[in-house]
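**Student:** My request is simple: use the sequences and hints to build the entire structure.
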Amino acid sequence: TQTVSQSDAHVTVFEGDSVELRCNYSYGGSIYLSWYIQHHGRGLQFLLKYYSGNPVVQGVNGFEAEFSKSDSSFHLRKASVHWSDSAVYFCAVSAVNNRIFFGDGTQLVVKP
Amino acid sequence: EAAVTQSPRSKVAVTGGKVTLSCHQTNNHDYMYWYRQDTGHGLRLIHYSYVADSTEKGDIPDGYKASRPSQENFSLILELASLSQTAVYFCASSGLGGRWQDTQYFGPGTRLLVL
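Top to bottom, those sequences are chains A and B. Counting in the working numbering, the first sequence runs from 64 upward without gaps. Counting in the working numbering, the second sequence runs from 429 upward without gaps.
Worth flagging that the hints you see were computed from the coordinates, not collected in a lab. Model, not experiment: these values are computed from the prediction. Some hints could be false.
Derived SDA-like pairs: lysine to any residue, alpha-carbon spacing no greater than 25 Å straight-line [said to hold, decoys possible]:
id : chain 1 : residue 1 : chain 2 : residue 2
1  : B       : K493      : B       : V479
2  : B       : K439      : A       : G104
3  : A       : K112      : B       : H469
4  : A       : K132      : B       : V479
**Tutor:** The structure is reproduced here in structure tokens:
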């Protein structure tokens, strides 16, 4: 069974700062890793996904994530955050031909 | 653009009453899911379906039933609502072509309060 862990429940930064949201997973086989964003009162929306190839994947709105097999990680980064990036971010993992598992989420607060 | 709609968007129910949450997707997706989200927590899978007229149990199916009468529609039924079922419920769809790992598209959620 796959598991996904997001070690930071809350992250607070100032507008213009860079941010990294951490995600670690446990699974030994081939997996898909993805990030979703949830704005307050809304459903989750897809940000980006990795399966193979270049370990750095680009998503919408300047987000990118880097896969590391050695660290079992898939951290999400943004070089310069905007107040509108304030949301809850969910990391997710799914094995090939298996269901998706979501982490507990990281609440990002961007202060002006 | 992919679209998943849910109704109602919010509901107040009484303990012991029956509640039906509805979900409709226009994505032509095979998979549909019902998740529950409790304040400050992630998503937990209740039921899912990969084809009409068939449903499967997720991680927390107790106290819930599901119905998939067509590819587009997926309902979650609480036969005897309880206080512990107060939560936000999300429907999602995925799997154009029937793959688990495809991107999931979520509805806006239904906020259920059981009194």
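**Student:** Does the alpha-carbon distance linking K439 (chain B) and G104 (chain A) stay inside the 25 Å limit?
**Tutor:** 15 Å, holds
**Student:** K493 (chain B) and V479 (chain B) were given as a pair; does the straight-line alpha-carbon distance stay at or below 25 Å?
**Tutor:** 16 Å, holds
**Student:** Run the distance test for K132 (chain A) versus V479 (chain B): straight-line Cα separation, threshold 25 Å.
**Tutor:** Status violated; Cα separation ~34 Å.
**Student:** Need the status of pair K112 (chain A), H469 (chain B): alpha-carbon distance at most 25 Å?
**Tutor:** Status holds; Cα separation ~22 Å.
Comparing the model with each earlier hint shows a violation of hint 4 alone; every other hint is respected.
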